[in-house]
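Mapping of the sequence shown onto the numbering used here: position 112 corresponds to residue 112, and the numbering continues sequentially without gaps.
In case anyone wonders, no lab produced these hints; they're calculated from the structure.
Hints may contain errors.
No more than 30 Å apart at the CA atoms, straight line, and that leaves these computed lysine-lysine pairs for DSSO-like [said to hold, decoys possible]: (1) 46 / 390; (2) 319 / 390; (3) 319 / 362; (4) 46 / 102.
The following label-pair restraints were derived from C-beta to C-beta distances [claimed, not checked]: (5) 469 / 331: 43 to 49 Å; (6) 398 / 308: 23 to 29 Å; (7) 388 / 68: 49 to 55 Å; (8) 426 / 365: 33 to 39 Å; (9) 44 / 346: 41 to 47 Å; (10) 385 / 21: 47 to 53 Å; (11) 310 / 265: 25 to 31 Å; (12) 315 / 347: 20 to 26 Å.
No residue lacks a Cβ here, since even glycine has one placed at the ideal position from N, Cα and C.
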Amino acid sequence: MSQPDFNPAFATTWETAAALRARTISARELLAMTYQRIDRHNPALKAIVWQDRERAMVCATQADKVLAAGTPSGAFLGVPVTIKESFAYRGSPNTWGLPPLKDAPSPRTAAAVERLESAGAIVVGKTNVPVMLADWQSDNPIYGTTNNPWDLTRTPGGSTGGGAAALAAGMGCLTLGSDLSGSIRIPAHFCGVYGHKPTLELIDTAGFQPGPWEASPAVPMDLSVVGPLARGARDLALALEAMGGPARPAAIAWTWRLPRPRHTRLRDFRIGYLMDDARAPVSSDVTSVYERVLTELSLTGATMERGWPDGLDVEGQLKTYQFLLFAFINAVGREEPAKPETHWRWMQETQRRLRFRAMWQKYFETHDVFLCPAGFSAAFPHDHSQPLEKRVVETTDGPRPYLTMPWWTISATLSGLPATIAPVGLTATELPVGIQIVAPMWEDGTAIEFAALLSDAIGGFMPPPSFGA
1 MSQPDFNPAF ATTWETAAAL RARTISAREL LAMTYQRIDR HNPALKAIVW
51 QDRERAMVCA TQADKVLAAG TPSGAFLGVP VTIKESFAYR GSPNTWGLPP
101 LKDAPSPRTA AAVERLESAG AIVVGKTNVP VMLADWQSDN PIYGTTNNPW
151 DLTRTPGGST GGGAAALAAG MGCLTLGSDL SGSIRIPAHF CGVYGHKPTL
201 ELIDTAGFQP GPWEASPAVP MDLSVVGPLA RGARDLALAL EAMGGPARPA
251 AIAWTWRLPR PRHTRLRDFR IGYLMDDARA PVSSDVTSVY ERVLTELSLT
301 GATMERGWPD GLDVEGQLKT YQFLLFAFIN AVGREEPAKP ETHWRWMQET
351 QRRLRFRAMW QKYFETHDVF LCPAGFSAAF PHDHSQPLEK RVVETTDGPR
401 PYLTMPWWTI SATLSGLPAT IAPVGLTATE LPVGIQIVAP MWEDGTAIEF
451 AALLSDAIGG FMPPPSFGA
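Please build the complete structure, drawing on both the sequences and the hints.
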């Protein structure tokens, strides 16, 4: 059974779930087709690094029974998804690219993944990452290097690079990733898919750690989040609704809902934007795509204002971010830092972080979204040279320091704000470009709806030419 307008390889999550409910396709058929694509395309991409096909087919068989009974429960019932290797998943290792952990499976499944499965999603595999998730490429000594489906000589980004590459190539409808220094946003930008960095603490991070997880408390997160990537903007909201909200014991006391977006027409949005900055110049081939987007937005009649929020100390923001970043790295690495910082210092920097958040929230009293680049360039060629800090990225306007790649992601990370990446076009060399849509804290739906409306106006996801079949 099939419908001419349903393409199982590149349908959105919404479309796929609807086709399953209508029994246009069965969960078993869809899963078999997904694995056929993995067999055909994954050898070139090296995006998916672990699978348990037998367990996935058991889940698909059960999903078909529920669908046949006409009483489906769960928005993702029968939908194939992938998850980042860094999440605990029963019976699989979550190595974070560390060889000593490759034969150490987790006995439990991370909280966010459990919620996806509870909504009916079928995990078809885990996707590749850089070592300790600490790069904007996805390469490690266990699983090797993941390639970008738009150009195999280039990176899909990191650290959710394997997930973004798999999604763009039609290997699963949705993927679960994580983001601290742009680890969802940069791969989404490089691979031409949608990605969402949720509001801080919106999705439980328990089980997001290196090595076996046995339900121990999550590492405290003041920067890092977990979130979805998809081929359709509204799929991101669907995923948040499945995964968001408190875990026990907090769930005994309170619940969460995804707030309605502030507007449902582009012309009603009050848009702030900045598409270039001397501290992280954006290459002209990417800027030209952004200029077309801004032109289209201006034609809608939306209110638009260029510039950072008044009074924002961009350099101070960077310094506080760097301090908290290295505190997080030391905590996750479980090694005593060479120079331990005092709790007093952490409290001081945390207070500064909250001041930046308050400034952004004040800004969003008069603006609805803030648009900025996802990165300073499109996907760049593989470069695993060491040391990392000496790498450069060649752009159409000359070299850029490698470590400035996440510069445009810092504002949303530090203040805990939601940020959505929407694909908005291709460079002259046919590489994807994504735009970053930052929204007020807890108003994730506003950023996602803006991304959806933008796709209606200028187009959204496109399959990479070599992986369209």
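- Could you check the structure against the hints above and give me the numbers of any it violates, in ascending order? Nothing - there is no hint that the structure violates, so all of them hold.
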